[in-house]
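Student: Residues per chain, in single letters:
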Amino acid sequence: MFEKFFYQEKGLFLQSLHPVTAMTYVGVLFVLSLLFNHPLYLLGILGVIFLSIRAVDGLGYWESYLKFAVGMTLFIIIVNALTVNCGESVIWDGPRLPVIGAVTVSLEALCCGAAMGVRLLNVVSVFCLYNLMVHPDKVLNLISRFAAGSALVLSLSSRMVPMMARHLGIIREALVCRGVDFKKGTWKERLEKSTLPVTVLLSSSLESSLEIAEALHARAYGSGRRSCYRRDLTRPRDVLCAGSAILALAVAVWCRVRGCGSFDFYPRLGFLVADSATLTGLLAIILLLSVPVLLSWGWRYCPCLRLKI
Amino acid sequence: MFKIENLTYFYPDALRPALQQINLSIGEGEFLLVAGGSGSGKSSLVRVLAGLIPEFYGGRIAGETYFRGQRMSKLDGRQVAREVGMVFQDPEKQVVMTGVEAEIAFGLENLGLPPDEMLRRAAEVMGFLGLTSLRGEFTASLSGGQKQKLALAAVLAMQPRALILDEPTSQLDPVAAEELLNLVKRLNEEIGLTVILVEQRLERCYHLADRVVFMTDGRIVQDEKPVKAALWAVEKGFPFVPPVARFFAHLGVSPVPLTVQEGRKLLPTSFTFAGSQPETAAKAAPRPATVVRLKDVWFTYPNGREALRAVNLEVGTGEFVAVVGENGAGKTTLLKIMVGLLKPGRGKVLSGSEETADSMRRDRRPAYLSQNPNDYLLRETVEEELLFTLRNHGLRDDGIVDELLRRLRLDESRRRHPRDLSSGERQRVALASVAVMQPSLLALDEPTRGLDPVLKAELGEFLTGLARSGVSIVLVTHDIEFAAEFASRVVLVFDGRIVSDGAKTRVLGESLFYTTQMGKLFRGYAEGVVTVKDALQRVAPRAKSGRVFHA
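Residue numbers (this note's numbering), protein chains in the order written: chain L, 1 to 309; chain X, 1 to 551.
There's no promise every hint is true.
[What the hints assert, rightly or not] Below, a list of computed lysine to aspartate or glutamate pairs in the DMTMM-like style, where the Cα atoms sit at most 20 angstroms apart:
1. Lys3(X) <-> Glu55(X)
2. Lys3(X) <-> Glu306(X)
3. Lys193(L) <-> Glu211(L)
4. Lys348(X) <-> Glu380(X)
5. Lys93(X) <-> Glu207(L)
6. Lys343(X) <-> Glu173(L)
7. Lys93(X) <-> Glu214(L)
8. Lys193(L) <-> Glu380(X)
No lab work stands behind these hints, which were simulated from the structure alone.
Modelling step: build the complete structure from the supplied sequences, incorporating the hints.
Tutor: As structure tokens, then:
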């Protein structure tokens, strides 16, 4: 049931990137989503994320994220419009309510809410892209180079949590057969009943932990200094993708310093394109962030490029 | 390679020793099989050899263990782990990483090997065990058999001199178990790896061993070549002998054939067969009243997998039905549909003439025992477990609690915490906790997993007793020998469909793979023979066969 929420190896270009490259690319998308508040920049980044998700055949999977993110976006727009009264272009003058005071909706507040919503959409979509693109094991492998213990804990948790969720379902079935009706009774009784499977699960997990520890001990865990298994190779594609992402970050910082990526919503909306630098910066960032997507397209359709990168 | 001298061991806080006066030598390249009942000390013995006792467990130990002439106690943990690899019972509890390749590399990283060496070893072992195509897979998505193979690969990558396997097939279906054991034998033969195997289901591994060690109460009671050990076991009534060997040893054949192939060579010249089919009389018996009926049942899981397709099945009062088939065939789904835990997408489940939903409200509900008995242990005492079920169903204790505790030999443990009991006792507590509601239908999912032959026989007798008292028993099992011994009817499920259903002698007799050792032995000679008991009734040695028969 939850399979679609986990990474699936499809042999795609973006999935073949070195984990450091993949993390760099996803990380830059995340940072840029937080760095800018300019609607064009935010929409541009969203466009790149959309293309990246498409390049990893994840549009169907993205939909499930969108269900949450679009709902939240609408919520932010509404709350922002109703609670922020800094805008001058009032489009609706509502009644005076206790605590909140006078309810007015301004165009500026709506636009600001929409921009914040797009930012949320970007952040959520970046997580979606990360899940589709980065093999968790490769990340754990990276982490284990400098924090082996934490990597093992993470690995065990990511293995055990879905397993425990499945186990909980099985325990519930066993209890149902023994006459426990989880839907019947007062809320207190139902709460008590719902703790029963958890109690069983915890007791069983405690017993299992000893067996897991024994298996770890038998495989020399904790017997001394560890080494690290490296299986990922760096290819030209990694240099190109990581390089373009870092360059995009540098351009973004330059834009931010020059004030290109920021937008004034209050008291009146500023100009979308205030100067040519805004547009130049935007185009440069989008182009640089699109390099992995373009390479992915080329890798898929151009055999010659496939051989070279 | 190993030498144990006068070893006695107590687990921490234990009053009785787990191992007593053990003396054992294991040579380089030997394949040693260790057999015995639950609590006989098998697992403790191999944990001594793997350096886990006393290193990991603590406790009190006397005597000495040597590995290649050196005292085990003087070797450091890393050295022991490098030289002695161990594969445990449950693959879920020894696979720790999320990816296949990372799992294989885990032990190598722990040994601190250089990256090139790790890469070479991982590649080699994946190639040898046929895991290369799975290297990018998540461990969670592997089947039980694949996981156990991965656990084996992860240990082999450490290139141990000795490989210890503690009931490695107990969680696997027969096909996966066979595959794993064949791999182990290949390792023993091709690279001379010393193998120490602990097993309960001996029919698939007894013949692989060079030597068999039998254990009881923490002591080694026999240490011999398999043929001699089989004769000794039959003579002493020790139940840890595979059916073919048991049958021939019963008849005094010497040397005792250990495999179906060896046995079949003897049959035409040395035995005569009586022809009658045991179930002809049963065919004429009136059909019992229906307890549950599945009419054209289909079931599809949310991920789109069709687990059951057009299933029609009827179970009568007091029938003992064994459902067999490969993993993922839909057996567990079938059980859950029968007891009303799952609702069919299409088709009907009728209880007598009512749908299951209605029958669930009646006094005698169907009961269900899932694979893991620990899922049923949540109260403070054994007795409380039974009373908990009764209370939930609004039933009174009319003496059933006492009766069940007595019949399942749990009388003395009634005030003990269920989780303080042995695995066999826990299984019985779980069974009692569902049987206490006196169900019309008792559905059991793999109840014999991890049970030794004695406990299995006890379970079989108990279930047969319930069936005689009118309770319908439906059990899913991979243990064909158990099904043949105790069930009256066998249902074979394949890919969500019932492909064979009938009297056990017919279904198991007709099947080439889903049959017992005796079924395979007598195929084409005496139809309908599936157990040693059947064979002893219908087969007699020829007077002048030239074979040696000891009376």
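Student: Compare the structure with each hint and give your call.
Tutor: For each hint, the structure was consulted:
For the proposed pair Lys3(X) and Glu55(X), the alpha carbon gap of about 18 angstroms is at most 20 angstroms, so the pair holds. With a CA separation close to 54 angstroms, the supplied pair Lys3(X) and Glu306(X) exceeds the 20 angstroms bound. Proximity of Lys193(L) to Glu211(L) is assessed by CA-CA distance (about 29 angstroms); at most 20 angstroms being required, the pair is judged violated. The straight-line distance between the Cα atoms of Lys348(X) and Glu380(X) is roughly 39 angstroms, outside the 20 angstroms bound, and the hint therefore fails.
Annotation: proposed proximity of Lys93(X) to Glu207(L) holds, straight-line Cα distance about 11 angstroms (limit 20 angstroms). Taking the CA atoms of Lys343(X) and Glu173(L), the gap is near 13 angstroms; set against the 20 angstroms cutoff, the hint holds. For the hint pairing Lys93(X) with Glu214(L), the CA-to-CA distance comes to about 9 angstroms; that is within 20 angstroms, so the pair holds. In summary, the hint linking Lys193(L) to Glu380(X) is supported, as the alpha carbons are separated by about 16 angstroms, within the 20 angstroms threshold.
Hints 2, 3 and 4 from the list above are not met by this structure, while the remaining hints are.
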